[in-house]
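For reference, the chains in residue letters:
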Amino acid sequence: MRRAFDEDLQELQNQMLELGSMVGEALARSVDALKRQDMQASREVIRNDMKINEKRFAIEADCLRLIATQQPMARDLRSIAAVLEIITDLERCADYAAGIAKITLMIGKEPFIKPLIDIPRMLEKDLSMLDRALKAFVDRDVDAARRIAAEDDDVDALYDQINNELLAFMLQDPRTVRQATRLLWVAHNLERFADRVTNICERVVFTVTGEMREMNIQEPEEEPQ
Amino acid sequence: MDKIKTEHLYFYYGRKQALWDINIAIPERHITALIGPSGCGKSTFLRCLNRMNDTIPRTRAEGKVLLDGQDIYSPDTNVVELRRRVGMVFQRPNPFPASVFDNVAFGPRVLGLYSRAELADVVEESLRSAGLWDEVKDNLGQDALSLSLGQQQRLCIARVVAVKPEVILMDEPCSALDPIATLKIEDLMRALSTEYTIVIVTHNMQQAARASDFTAFMLSDAERTGQLIEFGPTADVFTRPRDKRTEDYITGRFG
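First to last, the protein sequences are chains H and P.
If you use our numbering, the first sequence corresponds to residues 8 to 232, in order.
If you use our numbering, the second sequence corresponds to residues 15 to 269, in order.
Chain P with its partners taken away, still in its complex shape (with noise of 0.2 Å):
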């Protein structure tokens, strides 16, 4: 089952084109990863799929991008419940500076939840599906910047699932993370995935080989910024790809 499905997307910041006739089908409940070279287009594209885009002036989506079959670019999509479905963790976790209760309980407020008691219940949730209450359990007013960065990035994916998201977007969540610290956040990811559709940006190949089900690989040249060239299950990306741009770059020998 498709949970996102993009038909000829085409992207552009002012006149600079910075995706090509994209068209891919992400399943959900799985974790697709996108990977490709600096430049590629990967971001660019993952922040398409929440419209993150729009917060850049003059940039420009063409195409379609249609979520559980509807098209997100349409003019009477509602862009803040689309974001509310489509939640996003970035590079650099960033909590906002207040309570970890507040941090994950900002977005339920937001959407009108106020009884101490459901906040209550809700933070403990997210906290727990994100791998971090026990850690936190204990002092749920501390200050979420006194947290390690990798809590820190766990606890920006409870306030993202305290929403009740369907798809969680992640652009390269792990690059400020030690090891350790990334393979907690893989876990996460794996468990997530029963439950949300989860695409992942990231640099760290093997990270895309461990952690990911599907793989998309991206790539830009002279005449066309960001095209989507492979995609396909991770097993067989990483081991027989189809194309060789895709087997050049996975084995290290691209350009």
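Excised from the complex, chain H in its bound form (with noise of 0.2 Å):
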């Protein structure tokens, strides 16, 4: 029964995972940018920033059309909602690359002060987590999804790392300042990609079990002694 409307909800999912996949792809080229220096490709990582969110755009058209023609209930409108979040997410996830890819064009061809290694690092992580947890939400796979939210807690490890390193040059030459302050915001870029990704995480728990639950608390920080 609801065949037609199976194959749209399958469809919707469809284009979700296509535009995780626009994402990722994104994020990827955009520290591949910067690691190479390439002004050319980062240029082009902001140019097809567009592109991404028309295709957003458009997947929430359609759920929108299904909500207004099927009149979905229980778990297919929690799945509807949930896509409508993760778009949300996945173009703020974009954002996060062409912000990449405008720092690289903010440092050019300066020498880097210090061989890129942690960046890389954060890039791996957050493109494993996008990959298992839009898997996750395919599955309907609760247990997966929180394992992949707990693992934000090493994203956030690995953004401290960079941030004590950069500060540790800052410190001791005023002249790495400018550039180090930049590659910090990559990092926080990296860093704010993974958050996004557990936002995913927590959609796939609402659209399993209808319950709402925020993932990652963050404490607040202790005041330094």
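Keep in mind the hints are simulated off the structure, nothing from the lab.
Don't take every hint at face value.
Unchecked claim - SDA-like cross-link-like pairs, simulated, lysine to any residue; straight-line CA separation at most 20 Å: (1) 258(P) to 146(H); (2) 258(P) to 216(H); (3) 258(P) to 215(H); (4) 258(P) to 13(H); (5) 258(P) to 78(H).
Said to hold, decoys possible - Just a sample of chain H residues kept apart from chain P, beta carbon distances all over 12 Å, derived: (6) 13; (7) 115; (8) 134; (9) 163.
What the hints assert, rightly or not - Calculated from the model, a selection of chain H residues having no Cβ within reach of chain P, i.e. all distances over 10 Å: (10) 47; (11) 71; (12) 160; (13) 175; (14) 199.
The C-beta atom is built at its ideal place from N, Cα and C for all residues, glycine as well.
Make the complex out of the two chains shown on their own, each in a separate frame, by following the hints.
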């Protein structure tokens, strides 16, 4: 029963996955362009962000059409509501990729103050989390979603590491401040990306259980002694 | 506050079992919708709430139906008084072939109200509560059957309201109506629910979702006809039902 509607839901999910892979690719390209200090490729990432925005609006329109014409209930309604949320998170993820590309343009061809080591690690972690979060949505796998959300701590730890390292550079040699600050923005974008993936994990839990719960509650940082 | 409560309610048409162990507490001054596929027992259940099933020979109810804590199936129940307190609106509007005024005045007259002025007051008040007054006030003498179906159904609601009931049962009250007339009835139910407890049977799930505060899902299986599967706030039942059978039914994937 409701075969046409089931096919529509399947197609909606496929479109969302396609958006997800566009976003993952944008992030990978933005960091790759940074590593190679490739201005052309960075501009390409920024231009491509428009396509991602358009894709997001197209999926949103599909969601609204399905709600209006099919009057979805219960798990169907939750799936569509989740897709609406997830595409918003994905679109914001793409903005982080574009943000990194803009920072690369700012850094330009100026030699790096240090080799990029932890930033590519953050990228790998981000991409892996994104892939698996979307798979968890497809599989409606609550346990996987919870595990992936917990990995946000690893990304936060990498961010702290980069933060400390760049601070050390800046203290040692004030001439590094400008670039170090920019690299810190890059790391910040990568850190926020993982937060968005955590939101996707929350939507997996919501789709399956109907529970809305924050998964990544950040402890307020302790005051330095 | 529960207006109606059933305890282990079973119902039989002859030897055919039609309701199975229904336990439900229907909140006062709210709208409760009964949904479920054909043959799930929802109309039978509704008709148990004012003993309308008594009119069918060889039927039998077991268990309790408590109205304000009093069992309406106890032998000392005055069934006429019960049906005044628990009124009913049917699927097809069924006005009497008489004037609008006489339709609404019928119940109060049966209850012994004869003063023309008092009757006029009751008729006006009832037609206002049913959202029909402005449409008929200039010609209360017109034949009720000359009204549109939607107006006739609101007239039937006015006729129920005229005897000051506590509960209004509605058995698919919109199934003969067009969408606009349907929405008018739904608005009317919402307004009436501040004063009356409303229980509605509907085949239209969207209507249950739109118009009710609580939803009960009923279902029959091979062994047991007329089971209550799930009952809860409408918003919960339609967004995250607890039972898989409810889920399958409301998402249209039943069977």
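Indices of hints not satisfied (ascending): The structure breaks only hint 6.
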